[in-house]
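Peer 1: One-letter residues, chain by chain:
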Amino acid sequence: MHSSNSPDSSEETSMKYFGCAWYPEAWPRERWAEDIRLMKEAGINAVRMGEFNWGRFEPQEGKFEFSDYRHLLEKLHENGIAVLLCTPTAAPPKWMSSRYPEILKSDKTGQPVYDGNRRHCCPSSLKFREFSRRITEKMAETFRDSPAIFAWQLDNEIAAEAEHGFCFCDGCAKRFRTHLEMKYRTVENLNAAWNGAFWSGDFTSFDEIDPRNFKRVSWKAEYAQFMSSLYTELAYEQRDILRQVNPSWKITTNSWTSFLPDVAPDEIYPGLDFASCDTYLGNDSLEFSHSFWDYYRNIRGKRQAFTVGETGAWNPVTTQKDAYQVLRTWAWDAFAHGAENLFYFRWRQSLMGEESHPSILPWSGNPGEAYGIISRTIREIRAFSGQHPGLPPPESNVAILTDRLTGFITKYRDDYSYFHAVVRMNQALNETGVHADILPLSLITEHTLSAYKLVILPQIEHLPDAVCRFLHEYRRNGGKILAQCRLNRMDEFGKYRMESAPANLQKLFGLHIDESCNICKGVDFREFEYNERTLPENNRSLDVEFMGKQARLLSFMEKPIPDTCRILQEYTAGLYQGAPLFTEHDGAFYLAAPMNREGLALVMRHLLKQCGIPRFHVPPKCQRIQRGTILFYINNTADTAVFEDDGIELPPYECLRKEIRER
Amino acid sequence: MHSSNSPDSSEETSMKYFGCAWYPEAWPRERWAEDIRLMKEAGINAVRMGEFNWGRFEPQEGKFEFSDYRHLLEKLHENGIAVLLCTPTAAPPKWMSSRYPEILKSDKTGQPVYDGNRRHCCPSSLKFREFSRRITEKMAETFRDSPAIFAWQLDNEIAAEAEHGFCFCDGCAKRFRTHLEMKYRTVENLNAAWNGAFWSGDFTSFDEIDPRNFKRVSWKAEYAQFMSSLYTELAYEQRDILRQVNPSWKITTNSWTSFLPDVAPDEIYPGLDFASCDTYLGNDSLEFSHSFWDYYRNIRGKRQAFTVGETGAWNPVTTQKDAYQVLRTWAWDAFAHGAENLFYFRWRQSLMGEESHPSILPWSGNPGEAYGIISRTIREIRAFSGQHPGLPPPESNVAILTDRLTGFITKYRDDYSYFHAVVRMNQALNETGVHADILPLSLITEHTLSAYKLVILPQIEHLPDAVCRFLHEYRRNGGKILAQCRLNRMDEFGKYRMESAPANLQKLFGLHIDESCNICKGVDFREFEYNERTLPENNRSLDVEFMGKQARLLSFMEKPIPDTCRILQEYTAGLYQGAPLFTEHDGAFYLAAPMNREGLALVMRHLLKQCGIPRFHVPPKCQRIQRGTILFYINNTADTAVFEDDGIELPPYECLRKEIRER
Amino acid sequence: MHSSNSPDSSEETSMKYFGCAWYPEAWPRERWAEDIRLMKEAGINAVRMGEFNWGRFEPQEGKFEFSDYRHLLEKLHENGIAVLLCTPTAAPPKWMSSRYPEILKSDKTGQPVYDGNRRHCCPSSLKFREFSRRITEKMAETFRDSPAIFAWQLDNEIAAEAEHGFCFCDGCAKRFRTHLEMKYRTVENLNAAWNGAFWSGDFTSFDEIDPRNFKRVSWKAEYAQFMSSLYTELAYEQRDILRQVNPSWKITTNSWTSFLPDVAPDEIYPGLDFASCDTYLGNDSLEFSHSFWDYYRNIRGKRQAFTVGETGAWNPVTTQKDAYQVLRTWAWDAFAHGAENLFYFRWRQSLMGEESHPSILPWSGNPGEAYGIISRTIREIRAFSGQHPGLPPPESNVAILTDRLTGFITKYRDDYSYFHAVVRMNQALNETGVHADILPLSLITEHTLSAYKLVILPQIEHLPDAVCRFLHEYRRNGGKILAQCRLNRMDEFGKYRMESAPANLQKLFGLHIDESCNICKGVDFREFEYNERTLPENNRSLDVEFMGKQARLLSFMEKPIPDTCRILQEYTAGLYQGAPLFTEHDGAFYLAAPMNREGLALVMRHLLKQCGIPRFHVPPKCQRIQRGTILFYINNTADTAVFEDDGIELPPYECLRKEIRER
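Protein chains in written order, with my numbering: chain P, 1 to 663; chain B, 664 to 1326; chain S, 1327 to 1989.
By construction, these hints were calculated from the structure, which means they are not laboratory data. Hints should not be assumed to be uniformly reliable.
[Unchecked claim] What follows is a list of derived Cβ distance ranges for each label pair:
no.: 1; chain 1: S; residue 1: Pro1977; chain 2: P; residue 2: Met547; range: 29 to 39 Å
no.: 2; chain 1: B; residue 1: Ile1230; chain 2: P; residue 2: Gly301; range: 51 to 61 Å
no.: 3; chain 1: B; residue 1: Asp731; chain 2: S; residue 2: Lys1833; range: 30 to 40 Å
no.: 4; chain 1: B; residue 1: Glu793; chain 2: P; residue 2: His357; range: 46 to 56 Å
no.: 5; chain 1: S; residue 1: Arg1923; chain 2: P; residue 2: Lys609; range: 53 to 63 Å
no.: 6; chain 1: S; residue 1: Asn1515; chain 2: B; residue 2: Gly834; range: 36 to 46 Å
no.: 7; chain 1: B; residue 1: Ala1129; chain 2: P; residue 2: Pro28; range: 17 to 27 Å
no.: 8; chain 1: S; residue 1: Arg1511; chain 2: B; residue 2: Arg762; range: 17 to 27 Å
no.: 9; chain 1: B; residue 1: Ile1230; chain 2: P; residue 2: Glu30; range: 32 to 42 Å
Think of the CB as a built atom: it goes at the ideal place given N, C-alpha and C, for glycine as much as any other residue.
I would like the entire structure built from these sequences, with the hints used as guidance.
Peer 2: As structure tokens, then:
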């Protein structure tokens, strides 16, 4: 099972592992065999193990104890269950922080964070790093030849800021200063990049820089980026140990549900073997998950099947009788988007500590409805997957670009949610049956864009010069571009540019922009952009005519000054009435404001027609997506879904597969 | 007046003392006589004094000064006003914390709390304990023979967490570790009880335990329980000093308005002579207060009249012309529920510090409307009480059990409000004219339950084995039981059990339960369960048919698997449609979900009929309650109230008393 | 330009300077000439400079560098642009806090505040004070003879609490204790004044006083008042240095938008040469700004033209096509209220740090709509102003008194917003075309009130004895008085008085008051009083009949007991039904509750008639205001405004000027 099943072998990328997180250490030893039996019976062929077990692996400093896991891996292997083994560094044992309090993160006041649950260790602590390397080495040596292991997961949901905030200890601050010195070389360069002159903010020495005191958005973003790298370094340290011991091991980690976990996915995954993203079921966030998968499928700089590292084994929508079925369509949906492994969190409900997490088995250990529906789902998808081996991940001729710097900046700017802007754009495509590849800017090369007919740039506030060149080249070769406001108005330090926007791209779009304004004031843009239902009247949007219909502008608008572009639509109301809202210059389209769903649908209708990409009617929250030769129709709702253009009526919570000749 | 009026003398338990809190130290000495005259004129025959006067009792360390209070007690006694004298340890003088900063509580960061108002002292500080004992000794000796004192109050609204959070100083942490060592004996036992294995949470030594770092709900609950005991110990230290000086003194303390003050009432009151609960008037919390009184009436392990230690002397509902009258019905209501003393807070409005507290006299000291209505109320109730001496507290044949562990756990779990579940259940009874005894589990003995026809267990998550035995025995003797979901699903450490629920009681109810789910998500259950008005549409409840009518399920539901029980009602909607919602097995009823008021009314209608307990129509917020031979009808509203079954029309804010032959 | 244009020269008080804040240090040196050219072209004839430039003025400790500014001042002067030069102490350079961390403010836990942006220095730090003096000296000497300077601004938006909270370092605490000792002389006096007896709050020594621990409202207010004085002292230290170097310099500072910046305007401005208040455009706060200007026009103890130190160069209401016009009417509005200078914040949008502040030029530096509308506005107002030189500030025969102690107390009491009560009252006047002088109590003399026909006391909780005497004298001379509830119920220490209210004024009003109550409970009075739209039903107000119509009482009411007064209106509902609500005793009117806009309009109609002051119909948010011989009609709305009594129809966002003979 071991090497032939490695996730990289491109011939067999259909669904491989259905698994779950299992914490045998927290349950009676007598129960283990029964758990394995029940897993096997359910069709579960993988478990994720070990990520919270450092305390039992190393019960005292330097004393290691792996016999239980050695036994478990054997038993699992005998029963055809593969293991995704984890380094346990997310939850170091209590003795470690008691004996070496210096390993704890510090908050801004110098106070150590609590060590009661997870992620409390300082990433720059030499002592912690030493412990991290040693436990990794011991595990690697112990399980060097275990045939049960199909891959390794480094740590668990590696995060720099999420659980306790960033570490602000002297050690981290010192490493940060060294990083800045290496990056900027002189303090004068740093002052220039950081706009130090304002508010007497010039530094006279790198020693004066204290990340705890940062109040400017871009300075915070720089620290966040530094922290992402520091954690990536820590993970790679573990990766290298594992690779040295057994070069054939496949290695990943798992990112928590977000486009921008504080350890940047486009930074960490290119150095690992495959991507794993935790994606929890929740109806409100369905559109978010679809886009998220479209992103992780491309996160290593090439299209590749991905793993859903964690998903809930339960359905939060309980007021519907048939709501169990959501678990089924959710799994089909992930598979259709390119998942090749899917891990439920967790096998059995925790007795204390994380007791509210929905699990396959309840506290009592007796199988119930979740166990039943998951078993059925596994059987179904494995059967289908067996009949269709080697399905490639979905392909697309539309790309949406995303930018890490814009992500960090908007996070600290307390402004609109940049990644919701991405989702909104992809959702507008999905509702026409089109699925985009979502590509991180940092991995774009001169060859990337040529694969697409349409490239979308949703509110990307900074574009590196190289990407601007690629866009010009792509455009010259006939590709279409859609950009949405705020384009490349910042430099690489997060400062606004002292020139008209979009920098380097004015000729491409045939316009330039000096002025912009917020449509609403005193609004939490974040919530607003994602959920129009929370809008109060008349304050947070501007209704305009758009391409012959009605649309609503949200939160912000720019006033483009046309140079050579054609105006497709003017603002018909508001401060910029009469100015261009939607323009085209020779295949390069510019949309000057965020828009509601209806507005974006009109934009897409126009664009896709121009690109010659066929459109299909897809009901809300449903999916029409092609993977290889299979066309999936998925109904994630409690109502019958009618795919009008395909003449298909799909019952609630169903998934229909249609084999097609041509892709 | 002294010994004959002691609250324990069972022959004369009708209303004894109407009093108020008086702070003569904060007012000009010249005013004292006038205050006493006005009190006497109003019929006030008791004052609560001294609880905030440590600063004047001991103006410098070791220098004591009681002459003012000695004088005041004499004058009060001459005027027929008894004194509830308080130890002043709630508000230590400023010189104490200035000279001995170690007496201050520490917060989680090691920072001392501010000493500007109250409750800032560490309960484990040996220095503070020494001061506490000495002031108590000095007061006891000084007032040893004062005939004015009718009882003592220890401290004031003793609280462990409420005003400054728990103390987390090294001394408290050390005592906690000793407590754990004595309780669990080995760290292995503790790890097993505390589910240490998850998240690498095993301790290798008791020394590693640091309550400041607790993040798991049950660990926090253990610290809270420890703190409750520590404060009880501190209070008992004072009690013992007082008893040694004058064994005839009656001693109490006063709990702030809650079922679960952080110093547990069922822990502290059994060792005192009578219970005193602070209960403020407020229309929204009327149901809460009724249940609260039903609880304090039973808090010492036997039915006993109680004291309302503080109540507001003002009416918050000021948009109604006749709103003053609320003060009258409120006092009648307390009396009908078993109050024998009632203390208004406070005599005269504070000039600075607590100036917003409604008082009998305004700042100017001139009597106004509050003085007038309170005088009238006192005259009325005293006259009635004189004609009916020795009225026992209300009796009941229905008991509602409550559990301290469930209370602590749900408090830290940030889940539903357990005590609101209790109130909701009692309210459903009250609306049929039935009043329950609310009994703390910790005081249940093998003889307790036999006095009842119906015992209700509302969402009690842990039941000790002994109580399970008592329930079986009670059932065998013909008593009926109603349990509501979540029953006994946790062990005594707050961990979920590794077996089907309800543990030890499956045979009694003829069913077992493995699965449950939340009906809503992302909801603050606390607010929600108490106030359905804040419900958004379709997200937080599930409408079902119930016993031929409609009811709404709230927040949570279980899926019982019937073994021998009879299904009275299935779920007619939602995830568990078709599964049992309401069952009976031989007099033991199980309700698998929290329900709205209408639903619980249907449950009670069914139950009371089965038990042969008569039901009466009672309008909302009104009361029909019997105390001894008197049946009280109380209208707490601004509208005429019609008690249909009794043929009584009661004007707004009125109380009717009817003498009846049989109880 | 220099001395002849000084703001004190009373002959030419029409609009003098239109300016903007300019931060040349943060922009390329090559751009400076272009910026000056564009300013000049726009008619800008002043810039505010230097307030955030300490870092470039003193790049290393003791090394000063003014050549850039010397050059800039020359260039500006050559171009007819005057300079409001600022001491740069709001934003000390980074090297200072790095080298001398003791200059940083401490929070309550002893933690230094972050030094990343502004206002982080301790006002009592001797080191910081030394630096502050030295940079002021150096700047004064450097620019001693610069003809470009028309005035100095001390620091920037001096604030004690606003950005980082008060400083609570040992040094500040020590100075505070000295202050208390000098004020109260003995700790017994302090205990009496501070009501120490309650809660054992007596101090036995001044050394025990720790402002970090204050929980009582009045104690906090005392610290706030102390801090206001400390910052005033710091500012005056700079003022004295400047005056010594060049006695002809005019000196001001700028207050942020509030009646009660934490450095009290009525404390600091009497010692400066003219007042400058920052007032940002925002439709919701239009009424607030009008009252604010009426206050700053009188803040130095005499009527004087004022400066708008900062105002936004952008319009937040962007959903209206003609919304740019708001900038024009806003400037006219300020001018009509007595502004003689107006500074836009800021010249060009910041690249990083304060990037969201609306500016005249966008990031790109290219003039757009804001530049255009501001240029037009400047041209217009300067032309008009040139034809009407020497217009005095608006005069009034109505005064509204305000009290600093009430302001501080209500701020910490977390009660109603006292200053919104002032605005509400003034707004009721404005809507009849009457404009009040808003006068700080601290500056009232025996001669002040005689200039008025009507004096209004809105919820002033403390009145010094002298002011009571002035009021009696004023009344004897025939002046009318309107007082609104809560009048003089506190003593000078913020304690409630032990006598009936209004102290010292019972005879004047012919009534006395003992009782009062809140109409609503659990309400944030602050928001509520200002915005009735957030009212839930039936909880936060009381509808009554009033003077033949309907009015709504808000949040609070008193029950006056009439002695000699005439009752104009009784309460017609609520707890006090039948008691007096609005009374008169011989020209002294008392209104016993806060009221909504409709109610206050009825009060004003009655009052103005009694005073013989003519009333005019003014549409909402519009103004009818006279300055000298010019009557301004201003329409701040997007609709046509009809001034019915004047027969004037004013288009949206327009200002009409009418010359009139008699004032």
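Peer 1: Would you mind marking each hint as holding or not holding in the structure?
Peer 2: Here's how the hints hold up against the structure:
For the pair Pro1977/S and Met547/P, the supplied restraint of 29 to 39 Å holds, since their beta-carbon distance comes to about 33 Å. In this structure the hint that Ile1230/B and Gly301/P lie 51 to 61 Å apart at CB holds, the actual value being about 59 Å. Separated by about 36 Å at the C-beta atoms, Asp731/B and Lys1833/S satisfy the suggested range of 30 to 40 Å. Between Glu793/B and His357/P the C-beta distance comes to about 48 Å, which sits within the given range of 46 to 56 Å.
One distance hint, 53 to 63 Å for the beta-carbon pair Arg1923/S and Lys609/P, holds here, with the actual separation near 55 Å. At roughly 38 Å, the beta carbons of Asn1515/S and Gly834/B sit within the given window of 36 to 46 Å. Checked against the given bound of 17 to 27 Å, the beta carbons of Ala1129/B and Pro28/P, roughly 26 Å apart, stay inside it. Checked against the hint of 17 to 27 Å, the pair Arg1511/S and Arg762/B passes, with Cβ atoms roughly 24 Å apart.
Checked against the given bound of 32 to 42 Å, the beta carbons of Ile1230/B and Glu30/P, roughly 35 Å apart, stay inside it.
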